[in-house]
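Participant: Spelled out from the first residue to the last, the chains are:
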Amino acid sequence: MKKELIENSRVGEKYYRIIHPTGLTVYVMELSGFSGTTAMFGTKYGSVNTSFRTDADEDIAVVPEGIAHFLEHKLFENDDSQVYDLFAKTGASANAYTSFDSTVYYFDCTSNFEESLEILLDFVQRPYFTKETVDKEQGIIAQEIKMCEDNPYRRVYFNLLRAIYHNHPVRTEIAGTVESIGKIDAELLYRCYNTFYNLNNMVLAVAGNCKVDEVIAVADRMLRPCKNIGLKTFFPDEPETVAADCITEKMSVGVPVFSIGYKCAPSSGRELLKREYASAILMSMLFGTSSEFYKRNSESGLINPSFETETDDGEGYFMNSASGESEDPKRVYELMNEEIARAKREGLSREEFEEQKKSRYGTLVRMFNNVSASASGLLSAHIAGCGAFDSIEVLANLEFDEVYGMIGELLDPERSSLSVIEPITE
Amino acid sequence: MQTEFRREDLGGGVGLITVTDPKFKTNCINVRFLTAFSKDKAPALALLSQVLSSLSADYPDSALMSRKLNSLYGSWISGYSSQRGGIYEVSVSANSLCDRYALSGEKIFEETAEILLGCIFRPELENGAFAEAEFNSRKLSLLSAIDSEINDKRAYAVTLALETAYSGETSAERFYGSREGVEALTPKSVYEVYLELLKTAKIEITFSGGGDFTEAAKMFASAFATNRTDWENPSYYYPSPLKPEPAFRETELEVSQASLIMVFKTLDAESCALTVMCWLFGETPFSKLFLNVREKLSLCYTCSASYFDTKSAIAVVCGVDAENTERAKNEILRQLSLIAEGDFTDSELEGTKLALENEYRSIYDKASRLGDWYYSQNAKGSSDSPEGKMKKLWAVTREEVIAAAEKVKLDTVFVLRGEEKGSEQ
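As given, the protein sequences belong to chains A and B, one line each in that order. First residue of the first sequence: 1, per my numbering; consecutive thereafter. First residue of the second sequence: 1, per my numbering; consecutive thereafter.
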């Protein structure tokens, strides 16, 4: 077992990184004074991982959309118990989520930490699927999919991904469709489980009122050794261009909802962190609440406080976007592109860049003010191929000229799309 | 835990709560102006929190203020208006890093506190009224938010259900009164309501976090010093009477999934027993509703219950196919009657209390939640700490849970169901 202590003097925090003999990477951040502890057990398996191969396979396997999310639901049922009933005995609050590139099972607790960690590590390693339990879950997940269909903010976002990407599976809803989940059966679930829920492909992150030795002791008791199966995931070729300039749908909304996306080249590791910060700072300087763009267009009523920017990235995709509500989304889109052109032509303020850096540093310090955010930070950094403190160092070393030089690539109107949900009119 | 709580009466209807714990890296300040709901003033009060939090005479440009806050390591100022029970709250708050995280020794917290005081006491004015450009921007935003209420289908369904459940009470009103009322607002009319609020509202200031509040508390005590002898004292509790017969209401909208909202009311049930009962009924993933309506019958993805202590009401929210609403409704009623008959195990009751303990103890881990906790306790006339409340919940007996469930009666059933869906273009 390899155990190292990683410290950062800028935020005054530290955490342990352990490579457990079973193949699992474990992170532990002891946060003194806090009552609660969060433990997150995740696998690098999300909705985009629909094509894969292991050393044992001759061909690439292609599975139905929504299967990672279906597995997330089904693992909460063991052969002899409901997992929530087990957590009821410890008082921990447990849940799970599936994203584009990971599935994570977690609990928050303020007592009985060891018992809860044992339950978490046990149930995720103990799948149990039958035709009856899979059929029953299809009804529940179908309701979840319908709930998402009625959410215009989610619809406008996934429509944007469909406009931006030609082939990448990020363009598909995480839960799949009612049709695609109908193709999922117990055999497929076992196939995907045995491929992706290998400890070499997984991570455990714990933060809060805990001790590293107690986490390792539970891990030693509960983890079952895994052979590395040589897992490889595959993605279709993705052109640099966008798939569509504009996509529009009608729903029952009071005000049109929009999302505007800028397609960028994907990256990974520290380079990914640098591009994430450059994107966030550039978009804040151009379109954030401190910008002339925001002031001018909120005063005219074109945008409102729902207007916000974000970056979404993962294996094979990277997109900067702005979303909100407006009576005239096309005008917002035009003005954003004009603002990008103006910034390229006239430059940006160095002083404001430094203010943005300070603000981002504040956000990072705040992350370690929160038990669950700390655990989540450890886990998501690992999934992205980084350490939890790497972002602090990347931010500290970010230079104005370098960031300014990235505008053309990170906000390219030639590789952008507009997605709109319009109100239904009689 | 090293949490220290103190409440000081500053006189003139102004109170100051400080909750300190050195583990926190941030500090929060919340200034609440508390009044009773009035439909005439609601539009102005709803907008006022937004106008006050966006700029001040010190920072007369919202972009300039935003830049200043960025330079203070991402401090923020925000405004919020709401109606809860018998209290209408106009809240303006600030959040900053503790000074020990400043890279160049800046006084982050005091500077942020000063900006907040400027927003409250030195608003940017033109001709004896709020500055017009920012006022109009905030007004357009509020109107847009009103028009967008329909976008979040579940929240919209809950709003309509509570409108029926609380019919005839002020709680049935939207926090902004009416859209027409907001449209009619002017910089002058809202400024006059602001001046009146300063004169008549009860004021509760809350400091919570890891920092040393001494200097900032002095600043606030001085700024809020007043010789007022009379002020409003709205009541936190505003129980809603049970209808003689349950009300049923349906609305159609373009949705894939129906929303079933059931509102129950209680006849003088004890609050701690009701809290435990509600959690056993539908607040956890091992509750009666989750295990039966979702897991056993596979009818829905969400089915949960929430207890509103200010109104002595419980709302059950369920997303379900339209053709299954009757089945879901019957099962929800059946699960409630089973609790009233004592059909739950000691193990289920203990699990529910453990989950509640987890919920209450976790309040100690967030500075803003601690501040909100002690503010609410004061409004309720209680001095319970989260730990103290937990002990009371643990003392609730099986018999008391049964007695509480027996007193919970159906008041309102609301269904939001779908029409034909819109098509993609």
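Among the clues, some could well be false.
Residues of chain A placed beyond 12 Å of chain B at every Cβ, according to the derived structure [claimed, not checked]:
#: 1; residue: Asp80
#: 2; residue: Ile145
#: 3; residue: Tyr153
#: 4; residue: Ala175
#: 5; residue: Lys183
#: 6; residue: Glu214
#: 7; residue: Asn228
#: 8; residue: Pro236
#: 9; residue: Glu325
#: 10; residue: Lys358
#: 11; residue: Leu398
DMTMM-like mimics (lysine to aspartate or glutamate), calculated; alpha carbons at most 25 Å apart, straight line [stated by the list, open to error]:
#: 12; chain 1: A; residue 1: Lys146; chain 2: B; residue 2: Asp343
#: 13; chain 1: B; residue 1: Lys68; chain 2: A; residue 2: Glu346
#: 14; chain 1: B; residue 1: Lys218; chain 2: B; residue 2: Glu348
#: 15; chain 1: B; residue 1: Lys392; chain 2: B; residue 2: Asp321
#: 16; chain 1: B; residue 1: Lys296; chain 2: A; residue 2: Glu308
#: 17; chain 1: B; residue 1: Lys353; chain 2: B; residue 2: Asp372
#: 18; chain 1: B; residue 1: Lys391; chain 2: B; residue 2: Asp321
#: 19; chain 1: B; residue 1: Lys392; chain 2: B; residue 2: Glu326
#: 20; chain 1: B; residue 1: Lys296; chain 2: B; residue 2: Glu350
#: 21; chain 1: A; residue 1: Lys146; chain 2: B; residue 2: Asp346
#: 22; chain 1: A; residue 1: Lys89; chain 2: B; residue 2: Glu8
#: 23; chain 1: B; residue 1: Lys23; chain 2: A; residue 2: Glu144
#: 24; chain 1: B; residue 1: Lys353; chain 2: A; residue 2: Glu179
#: 25; chain 1: A; residue 1: Lys136; chain 2: B; residue 2: Asp372
#: 26; chain 1: A; residue 1: Lys358; chain 2: B; residue 2: Glu114
#: 27; chain 1: B; residue 1: Lys23; chain 2: B; residue 2: Asp99
#: 28; chain 1: A; residue 1: Lys131; chain 2: B; residue 2: Asp321
#: 29; chain 1: B; residue 1: Lys353; chain 2: B; residue 2: Glu419
#: 30; chain 1: B; residue 1: Lys41; chain 2: B; residue 2: Glu173
#: 31; chain 1: B; residue 1: Lys329; chain 2: A; residue 2: Glu327
#: 32; chain 1: B; residue 1: Lys380; chain 2: B; residue 2: Glu8
#: 33; chain 1: A; residue 1: Lys146; chain 2: B; residue 2: Asp99
These are computed hints drawn from the structure, not numbers from a lab. Built from N, CA and C at the ideal position, the CB exists for glycine as well.
Participant: State for each hint whether it applies.
Facilitator: Comparing the hints with the structure gives:
1. Asp80: Label holds. Min Cβ-Cβ 16 Å, cutoff 12 Å.
2. Ile145: violated, 8 Å
3. Tyr153: violated, 7 Å
4. Ala175: violated, 10 Å
5. Lys183: holds, 19 Å
6. Glu214: About 19 Å separates Glu214(A) from the closest Cβ of chain B, which puts it past 12 Å; holds.
7. Asn228: holds, 34 Å
8. Pro236: Pro236(A) is indeed farther than 12 Å from all Cβ atoms of chain B, at 23 Å.
9. Glu325: violated, 6 Å
10. Lys358: violated, 5 Å
11. Leu398: holds, 14 Å
12. Lys146(A) / Asp343(B): violated, 33 Å
13. Lys68(B) / Glu346(A): At roughly 23 Å apart (the allowed maximum being 25 Å), Glu346(A) and Lys68(B) satisfy the hint.
14. Lys218(B) / Glu348(B): violated, 49 Å
15. Lys392(B) / Asp321(B): violated, 40 Å
16. Lys296(B) / Glu308(A): Roughly 40 Å between the alpha carbons, so the hint for Lys296(B) and Glu308(A) is violated.
17. Lys353(B) / Asp372(B): At roughly 22 Å apart (the allowed maximum being 25 Å), Asp372(B) and Lys353(B) satisfy the hint.
18. Lys391(B) / Asp321(B): violated, 41 Å
19. Lys392(B) / Glu326(B): Not OK: Lys392(B) and Glu326(B) at ~37 Å, beyond 25 Å, violated.
20. Lys296(B) / Glu350(B): holds, 22 Å
21. Lys146(A) / Asp346(B): violated, 36 Å
22. Lys89(A) / Glu8(B): violated, 41 Å
23. Lys23(B) / Glu144(A): Cα-Cα ~39 Å, so violated.
24. Lys353(B) / Glu179(A): Given that 25 Å is the threshold and the Cα spacing comes to 41 Å, the pair is violated.
25. Lys136(A) / Asp372(B): violated, 41 Å
26. Lys358(A) / Glu114(B): holds, 19 Å
27. Lys23(B) / Asp99(B): holds, 13 Å
28. Lys131(A) / Asp321(B): Distance ~23 Å between Lys131(A) and Asp321(B) Cα, so the pair holds.
29. Lys353(B) / Glu419(B): violated, 42 Å
30. Lys41(B) / Glu173(B): Status holds; Cα separation ~12 Å.
31. Lys329(B) / Glu327(A): Roughly 39 Å between the alpha carbons, so the hint for Lys329(B) and Glu327(A) is violated.
32. Lys380(B) / Glu8(B): holds, 17 Å
33. Lys146(A) / Asp99(B): Violated. Lys146(A) to Asp99(B) sits at ~47 Å, over the 25 Å cutoff.
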